[in-house]
Every structure is written in structure tokens, then in C-alpha cells.
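In case you want the letters, here they are:
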Amino acid sequence: MIMADFWERYSRSRSAVLGLAILGLVIFMAAIANLIFPDDPFRLAGQPMSLPGTNGFLLGSDTLGRDVAAGIAHGAKTSIMIGLVATLASVFIGLIFGAFAGYYGGRTDDLLMRITEIFQTIPSFIFAILLVAIMKPSIESIVIAITVVSWPGVARLVRGEFLSLKNREFVQACHTLGMSDSRIMLREMLPNCLSPIIVIGSLMVATAILIESGLAFLGLGDPNIMSWGFQIGAGRTMLRSAWWICTFPGIAILVTVLSINLVGEGLNDALNPRLRERN
Amino acid sequence: MSTKLLSIRDLHIVLPSGAEREFAVEELNLDLAKGETLCIVGESGSGKSLTARAIMGLLPAPHVRVEKGEINFDGEDIVKISYDRLREIRGSEISMIFQEPMTALNPVMTIGKQIDEVFRFHVNMSSKERVQRSIKLLEDVHLPDPEKLISAYPHELSGGQRQRAMIAMALALDPKIIIADEPTTALDVTTQAQILKLIKEMQLAYNTGVLFITHDFGVVADIADRVVVMQEGRIVETGTVKQVLNAPKHPYTQGLIAAVPRLKPRAARARSDETALEVRGLNKIFGGGRGLFGFGVPSRKVVAVKDVELDLRRGETLGVVGESGSGKSTLARCIIRLLENDGGKIMLEGVDLNRLDRAGMRPWRAKIQMVFQDPFASLNPRIKVGDIIAQGPVTQGVSKDLAVERARELMSIVGLDERAFNRYPHEFSGGQRQRIGIARALALNPEILIADEPVSALDVSIQAQILSLLDKIRDQMNLSMIFITHDLRVAAQVCDRLAVMRYGEIVETGATAEVFAAPQHSYTKELLAAVPGQGWEQETPISPAA
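If you read the protein sequences in the order shown, they are chains A and B.
Reminder that position 225 of the first sequence reads as 285 in the working numbering, one-by-one numbering, no gaps.
Reminder that position 368 of the second sequence reads as 389 in the working numbering, one-by-one numbering, no gaps.
None of these hints come from the bench; they were simulated from the model.
Since this is a predicted model, take the numbers as computed values, not measurements.
A few of these clues could be false.
Lysine to any residue pairs mimicking SDA-like chemistry, simulated, CA-CA at most 20 Å apart [stated by the list, open to error]:
| hint | chain 1 | residue 1 | chain 2 | residue 2 |
| --- | --- | --- | --- | --- |
| 1 | B | K366 | B | K134 |
| 2 | B | K405 | A | L254 |
| 3 | B | K388 | B | P402 |
| 4 | B | K405 | B | L359 |
| 5 | B | K405 | A | L246 |
| 6 | B | K405 | A | H235 |
| 7 | B | K322 | A | G166 |
| 8 | A | K226 | B | H236 |
| 9 | A | K226 | B | T416 |
| 10 | A | K226 | B | E361 |
| 11 | B | K89 | B | F44 |
| 12 | B | K388 | B | K322 |
| 13 | A | K226 | B | P402 |
| 14 | A | K226 | B | Q394 |
| 15 | A | K226 | B | R383 |
| 16 | A | K226 | B | R335 |
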């Protein structure tokens with residue numbers, strides 16, 4: 061019943077539903093990539109620089125004769141996987157930092173927040189490049205780099221929520237009942253700040269996909285895994301003679317990030333209690 | 022009575038569809054004459070504030086609007102006039118005083134500037150003249166040092182001074198009507214008495230009609246000439262203040278007035294010899310901000326609780342009374358160890374709780390429990406009512422089944438429906454939520470209950486129910502209670518003994534009847550003298566068992 065209620069509020073926004081539909085398509089494409097393009101996307105599939113729709117290439121081929129469409133389908137897998145894993149990891153770290161800082165306050169808060177600020181002061185994309193360069197480009201190092209640059213935002217958000225919740229009377233009432241700190245944090249406070257965490261998490265997936273594409277474009281992607289950023293990077297020198305090599309992966313990134321942002325905004329509206337009361 | 026200033030006929034205000042009722046205000050008729058104070062009394066949701074807003078043309082349109090009827094002000098119908106004319110009327114002919122002076126004043130503008138604005142928008146005056154008028158106004162409302170005050174910002178003034186400045190603004194253009202929407206509700210009782218006196222004085226000086234909205238019958242008795250009682254958007258009774266207060270006709274008014282706690286202390290009960298809780302030399306100092314990385318000494322210190330000594334005997338109710346900022350809530354939180362204190366003893370059954378660490382404190386938690394002030398903030402919105410009540414025993418190691426059984430039992434003790442068990446807190450009203458809070462506190466079978474302003478957020482009729490519930494459970498469970506309140510009427514009803522607090526110190530303790538009959542400390546005398554509606558009390562014979 062709660063789910064039905066939630067869906068009703070979510071579906072009130074048409075753009076949020078559209079975003080969810082597009083995102084569903086992208087995920088579907090990632091899931092069936094191995095079925096429709098069973099071969100390695102790096103394989104030379106035919107004549108190089110074929111126009112879209114010629115030589116059996118739906119979206120054309122690149123300078124080495126790789127299939128752009130196959131690259132996009134397999135790249136979707138990479139993007140979604142990296143987006144999800146990096147977001148989950150950074151939400152987890154951010155939650156721990158933010159919850160402890162907000163709940164205990166004082167010295168603990170000072171210490172944890174100074175650490176968070178150190179990470180926040182370094183421009184995140186440059187920091188991510190640096191990390192990947194140090195660790196050797198691989199899918200693990202990319203996930204780690206994205207996580208390291210994105211958790212501070214979650215930590216600050218969670219800290220703020222916990223700071224305001226800890227002085228609420230219902231939390232104080234739990235103290236007077238003798239409840240343990242971990243139980244208060246997990247059972248009492250966390251459920252009350254889930255909505256903003258879900259929203260920021262959904263938007264972080266989009267940022268993670270962008271960072272991954274950026275890294276791959278600069279040649280810092282995992283050399284064994286097909287990615288949208290890599291495709292654009294490989295085709296960028298041929299932009300004037302073979303526009304399709306860059307354009308289609310670019311559209312894929314645009315559409316996916318846009319759809320995730322739409323979903324995030326829709327979640328925000330659906331979970332925002334103030335909007336809920338107004339209706 | 023002289024000429025009619027305002028007459029409202031058959032006013033209907035609609036609420037948006039899906040609201041609790043169709044009309045916020047229905048078939049409302051009222052008249053206000055020059056120099057008259059008309060009080061609109063009612064509980065929350067009775068439509069009294071919307072009526073006031075309708076007169077100012079300040080309804081939150083288009084959701085809430087006047088459906089039909091007329092508001093006749095000096096020959097003009099406010100419902101129909103143009104927006105420009107309405108703007109002219111606002112401030113110059115009808116002005117308003119709001120409940121919360123801090124939010125009604127602009128925090129980034131000086132007081133002088135805000136009064137000046139009123140003149141600038143409505144009359145043509147040189148700036149020098151405006152400054153002089155502003156100073157004169159501040160003088161009229163008895164603000165100290167008006168020349169300096171016009172360059173002060175709202176945050177530099179106390180609550181009472183801010184409300185005085187608001188009144189000065191309202192009076193600036195010598196309006197015909199002043200609408201005061203609960204102007205003293207956010208103020209302390211001594212400040213409230215001064216503001217009421219000021220409003221009365223200004224009204225005499227300017228011969229204004231005052232429409233005074235309040236929920237407090239004490240205030241009504243002090244200030245009103247005539248009274249209108251509203252219930253769910255309808256007027257149920259109108260009359261002079263004597264008629265309504267001393268001989269109410271409508272059963273709703275009778276109920277409301279009966280629910281007002283009398284200022285007569287309850288009959289004294291024998292004091293037990295057994296000590297339940299002893300507090301010795303308790304101190305609490307709040308430190309200010311610390312430097313980078315949290316090192317260094319606190320820069321600013323506020324002593325919130327100073328050398329407090331309390332004796333609570335078995336089965337008695339000890340009232341801690343005082344105004345806001347007196348440290349009474351801090352004291353409660355120190356006793357129950359929600360706040361760490363800065364030295365002192367809290368003796369319970371021969372053990373000094375103050376020396377126990379968190380883990381050591383856990384088994385003692387069950388013995389002292391607390392009921393909180395705000396029934397909306399004190400319950401976790403994501404947990405079902407039954408689980409909220411059962412939480413305590415489960416935490417203390419009672420099996421889930423036993424705890425649930427106990428929770429059901431408690432729900433019937435505090436007068437909640439069995440079906441409430443599986444519902445969420447937001448489905449309940451303020452009074453019901455406070456019952457849930459009480460049930461949660463009782464679930465651990467405490468010996469001592471600390472109630473921090475448990476009824477101050479509730480309407481007067483609900484307040485009476487909760488007070489009698491607290492009385493009932495105290496007797497049933499032989500509880501000792503520390504009852505914190507700012508309302509001396511409530512204190513008189515429930516407390517056996519009183520401790521009067523000011524600036525973190527207890528200035529006087531004694532049996533309630535003694536403190537009321539012969540207050541020793543000058544501050545206690547001041548507090549008692551400031552309780553509104555005392556004149557009314559003397560005229561009315563105390564109704565038996567109010």
C-alpha cells in the first residue's frame with residue numbers, strides 16, 4: 061500500500077516518469093548487450109569508417125572498424141555498473157562519517173568534518189584523474205576514485221540531518237529509555253533521513269557516469285572494458301570526417317544522465333514531506 | 022456606545038476542498054465600536070485568526086477566500102474594495118499586531134527605519150518630522166531611551182520590547198482599529214501583564230477599537246469589554262465580558278470556562294517522609310564556541326543552573342515554575358541525565374546518579390522517566406504507536422510479548438483506543454499524542470516522572486483532560502512527579518509544592534498554598550501579580566471540582 065501511494069505521488073510528474081522509462085531502456089540495453097552483440101566490442105567487425113546504416117553497421121564503425129552500436133550497448137553496462145557501485149560505496153562511507161559526526165558532535169565532529177573538508181577542497185575531477193593515474197587505470201581504480209571524490213557531499217548532508225534530529229524530543233525520549241547509541245542511530249534517526257539520502261544518491265549516479273566517461277575520454281579508462289567515454293576519445297580526432305563515432309556515444313551519455321536527473325528530481329518531489337502535506 | 026466602526030455580516034470563508042470542513046468561518050456576525058475591546062476567544066482551529074485576516078484582506082487566496090458576506094468598515098465593504106484602497110486602509114486605518122514579534126519585524130532593518138516606512142508609505146512628511154514622530158511613538162509605548170532605540174535592530178531588543186515596538190508601529194498613523202492576534206502568547210507572564218496594560222492605555226489615549234484574539238480566558242477577563250466565543254468557525258456566544266465569563270449560556274463556553282485552571286491551590290496533602298529524589302548543589306554551565314579543531318577554552322559562559330537543591334518526597338508533585346530562560350527545562354534534562362552537568366549530586370535510593378557513566382546509568386533509566394512538551398516532536402513519525410510504547414521495556418530486556426501486552430494495558434490506562442496500536446503518530450491529535458508520550462514514560466514503571474511543560478502546547482479543554490490523567494496515574498502508581506511549567510494556574514492545580522526559578526537559581530520553595538498565600542521572594546510576588554484574570558477570579562465563586 062505504501063508503494064502504491066508512493067507511485068501515485070511519483071507519477072504525478074510526467075518528466076519523472078519519462079526519466080524512469082528512459083533509464084529502464086538503458087538498463088535493458090545493458091542487460092541484453094551480450095545477446096545482441098555477443099562478440100567483443102573491441103573486435104574489428106568490418107570496414108572502418110562506415111557510415112551509419114552501411115556495411116551492416118546500425119550506427120556506423122570507427123577508424124579501426126569497431127561497431128559503434130556494439131560499443132554503446134556494452135558501454136551502457138560499464139556506465140550503469142560503475143555508477144551504481146561507486147554511489148553505493150560513497151553513500152556508505154558518507155553515512156558513517158556524517159552519522160558519527162552529527163550524532164556525537166564536539167571533537168568527533170570537528171575531526172571528521174576536517175577530514176571531509178580536506179577531500180572537498182581538492183577539485184574532484186582532477187583528484188579523480190590523479191588517483192586513477194597513481195593506481196593504474198582499471199575498473200576497480202576508477203570506482204575507488206569516483207567514491208573518494210563523491211562521499212564528502214553525502215557526509216555533510218547526513219551530518220546536517222543527524223544534527224537536527226538528535227535534539228528532537230523523540231530522540232531524547234529514547235535516551236531516557238536507556239536505548240543504545242547504535243540502536244538510536246540505526247532504528248530511530250536513519251529512517252527519518254532516508255529521503256534526502258535516496259535523492260542525493262540518485263543524482264550521484266549521474267555524476268559518477270559523467271566522471272567515468274571523462275576519465276575514459278582522457279585515456280584513463282580500463283583498457284579492457286568498452287565505455288562511452290573511450291568511444292568519444294577514440295573518435296575525437298575524426299570528428300569532422302566521421303561525426304557518428306563521437307555523436308552516438310555522446311547522445312547516450314546525455315540521455316542517460318538526463319534521465320537519472322529526472323528520476324532524482326521525481327524522487328525528491330515524491331519523498332518531500334512538505335509537498336506531501338500540501339495535497 | 023459610540024459609533025460603529027466595523028460590522029461583519031454573514032461572513033463565510035471557504036477552505037480548500039479536502040480540508041476538515043468546508044468553511045473556516047460560517048455565518049459570522051460581529052460589531053466593533055469606537056473605544057471598545059472585543060475579544061474573539063476560541064481553541065485552535067476555531068477560525069478566529071482567519072477572521073482577523075479577512076478583515077485585513079490578508080487571506081491566503083485563492084485557496085482560502087471570502088465566499089459571501091460583508092465586512093463593513095466605516096461605510097466601505099472590505100470584501101469588495103479595490104486592492105489600492107485596501108492598501109491605503111491597511112496600516113493607516115486598520116493595523117495589526119502579530120503573535121511573534123521576532124518574525125513580524127524585519128531582522129535586517131532598524132526599528133526606526135521600520136516605523137519610518139509606515140509614515141513614508143501613507144503620509145507626506147519631511148524626514149526630520151518622521152524621526153521625531155518615531156521617537157515620540159517609542160516614548161508613548163514606554164520604551165527606554167527612544168533616541169538610541171531607533172537605530173537598534175530587532176534582535177537587540179527583548180521579546181517584550183519588540184512587542185512594544187510592534188505596537189508603536191501599529192499606532193503610528195492613529196488607526197481606527199487595531200487587530201491583535203494573540204499578541205501576548207509568546208511572552209512571559211510578567212511581560213504579558215505589561216503589554217496588556219499598554220494596549221489598554223493606548224486604547225484610552227487614542228480611542229481605538231481593538232479586536233483582540235486570544236485563547237486565554239485570563240487575558241479576556243483583563244482586557245475585554247465584549248466577548249465573542251467561536252467554535253469550529255461559528256460564533257456560539259456573544260456578550261459583555263461579565264455575561265460570558267460569569268454566566269456562560271452555551272454549553273461549549275461553559276465547558277471552556279470550567280476547564281480554565283483556577284488560581285486557587287489544591288488542598289494540601291500529607292507529605293510523605295520517604296524521600297524519592299534529592300538534588301544537591303546541581304550546576305550547569307553552557308560554554309560558547311570553541312576555536313579551530315575544538316581546542317582552547319570556551320569563550321562565553323552561561324550559567325543555566327546554579328546550585329539547585331531539590332527534595333522530592335514519595336507520591337508528591339513538585340512544581341518548578343519560572344519564565345522562559347530561567348533554566349527549568351535545563352534542570353529537568355540534567356536530572357534525567359540527558360545533559361551532562363557541571364557538578365552536584367542527584368541522589369536516588371542512596372545512589373548518586375551523577376557519578377554513573379552511560380552504561381552504569383542504564384538500569385536506573387527505568388526509574389526516572391520524562392514526558393516532553395511538544396506532542397508533535399516527541400514521537401518518532403516512522404514508528405507505530407504500539408512499538409513506541411513497547412520500546413522502553415524491550416530496551417530494558419523485557420521480552421517482546423510481555424512488552425506488547427504491557428503497552429496495550431497502558432494504552433487503556435491513558436485512554437487510547439485499542440486500534441491505535443498499529444497506527445502511526447501523525448494520525449493522532451495533539452492531546453492523543455501527549456497520551457502516547459505519557460504511556461511511553463509509564464511503560465517502564467518509573468518511580469519518578471519528570472513532566473516538562475506537558476500541557477503548554479495544548480488547548481485548554483485538552484489541557485484539563487491531560488492534567489486529570491496525570492493526577493490519576495500519579496495516585497494509581499504512587500508516582501513522584503517533577504512538574505515544570507510557566508503557567509501558575511496549572512501549577513496551582515497539580516503541584517503539592519513549588520520551586521520558583523529565576524536565572525538558574527531557585528529563589529523560593531514551599532507548599533503551593535503557602536507560596537500563593539504568602540510569597541516570600543519579590544520575584545514570586547511579581548509572578549503572582551502578573552497572572553492574568555485575577556479580578557475575575559475574585560468575583561466568581563470557585564466552582565466545585567472544576
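Hints, one by one, checked against the model:
Simply put, K366(B) and K134(B) have alpha-carbon atoms about 51 Å apart, too far for the 20 Å limit, and the pair is violated. A distance of roughly 17 Å separates the Cα atoms of K405(B) and L254(A); the hinted pair therefore holds under the 20 Å criterion. A distance of roughly 26 Å separates the Cα atoms of K388(B) and P402(B); the hinted pair therefore is violated under the 20 Å criterion. Of the supplied pair hints, the one linking K405(B) and L359(B) is violated, its CA atoms being roughly 24 Å apart against a limit of 20 Å.
Among the hinted pairs, K405(B) with L246(A) is consistent with the structure: their alpha-carbon atoms are about 16 Å apart, no more than 20 Å. Of the supplied pair hints, the one linking K405(B) and H235(A) holds, its CA atoms being roughly 18 Å apart against a limit of 20 Å. Between the alpha carbons of K322(B) and G166(A) the distance comes to roughly 16 Å, so the proposed pair stays at or under 20 Å and holds. A C-alpha spacing of about 32 Å is found between K226(A) and H236(B), which places the hinted pair above 20 Å, so the restraint is violated.
With a CA separation close to 19 Å, the supplied pair K226(A) and T416(B) stays within the 20 Å bound. For the hint linking K226(A) to E361(B), the alpha-carbon distance of about 15 Å falls within 20 Å, and the restraint holds. The hinted pair formed by K89(B) and F44(B) meets the criterion: a straight-line CA distance of about 11 Å does not exceed 20 Å. For a cut-off of 20 Å, the pair hint linking K388(B) to K322(B) is broken: about 32 Å separates their Cα positions.
Between the alpha carbons of K226(A) and P402(B) the distance comes to roughly 14 Å, so the proposed pair stays at or under 20 Å and holds. Restraint check: the Cα-Cα separation between K226(A) and Q394(B) comes to about 16 Å, which is no more than 20 Å; the hinted pair holds. With a C-alpha separation of about 19 Å, the suggested pair K226(A) and R383(B) falls inside the 20 Å cut-off, and the hint holds. Taking the CA atoms of K226(A) and R335(B), the gap is near 33 Å; set against the 20 Å cutoff, the hint is violated.
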